[in-house]
Amino acid sequence: MATTFDPFRDLDRVLSGSLRTPASAAMPMDLYRSGDHFVAHIDLPGVDPSTIDVDVEERTLTIRAERRDTTDEDVQWLSHERPTGTFARQLTLGYGVAPDRIEADYSDGVLTLTIPVADEAKPRKISVSHKGSRQVIEGEASAAQPVGV
54 MATTFDPFRD
64 LDRVLSGSLR
74 TPASAAMPMD
84 LYRSGDHFVA
94 HIDLPGVDPS
104 TIDVDVEERT
114 LTIRAERRDT
124 TDEDVQWLSH
134 ERPTGTFARQ
144 LTLGYGVAPD
154 RIEADYSDGV
164 LTLTIPVADE
174 AKPRKISVSH
184 KGSRQVIEGE
194 ASAAQPVGV
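Numbering-wise (my numbering), the sequence shown opens with residue 54 and increments by one.
In short, the hints are calculated from the structure, not lab data.
Incorrect hints may appear among the rest.
As the list claims (entries may be wrong) - If you anchor each label on the Cβ, the simulated ranges turn out as follows:
id	residue 1	residue 2	range
1	147	179	51 to 59 Å
2	172	136	34 to 42 Å
3	159	182	48 to 56 Å
4	87	141	53 to 61 Å
Beta carbons are placed, not taken as given, at the ideal position from N, Cα and C, and that holds for glycine.
Put together the whole structure using the sequences plus the hints.
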């Protein structure tokens with residue numbers, strides 16, 4: 054039997070092993086800012102919602118979830134690519150967010166976290182007042198004489 058050489062398969066295998074962490078492989082995430090909040094979409098297909106745990110301690114946001122193996126013990130695997138077990142992922146929150154107002158929603162296998170920007174970190178307009186001396190001159194002005202001279 055001849056073996057074929059596929060450089061892209063080998064390259065993919067090498068890059069997958071070195072660039073992806075177990076957490077990112079099991080819990081891929083998209084994170085973006087929209088207006089005055091950050092949004093994280095974390096893929097958790099096949100996870101029982103009761104096993105999802107999201108907590109904040111200090112400035113660390115931790116997401117835990119469990120995907121249970123539902124197959125029989127007596128099987129012969131031909132391909133087993135979907136990870137099972139308990140997974141965790143941590144994000145370090147900056148001081149510009151409000152961790153006490155984070156909201157979480159799990160729908161269609163995607164956990165969505167909405168992380169509001171802290172009020173003190175929002176840009177705001179500061180009005181500038183001018184407290185100069187004002188002098189009121191009373192009298193009549195003529196065309197030949199400038200006012201205030």
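Which of the listed hints are broken here? 1, 4
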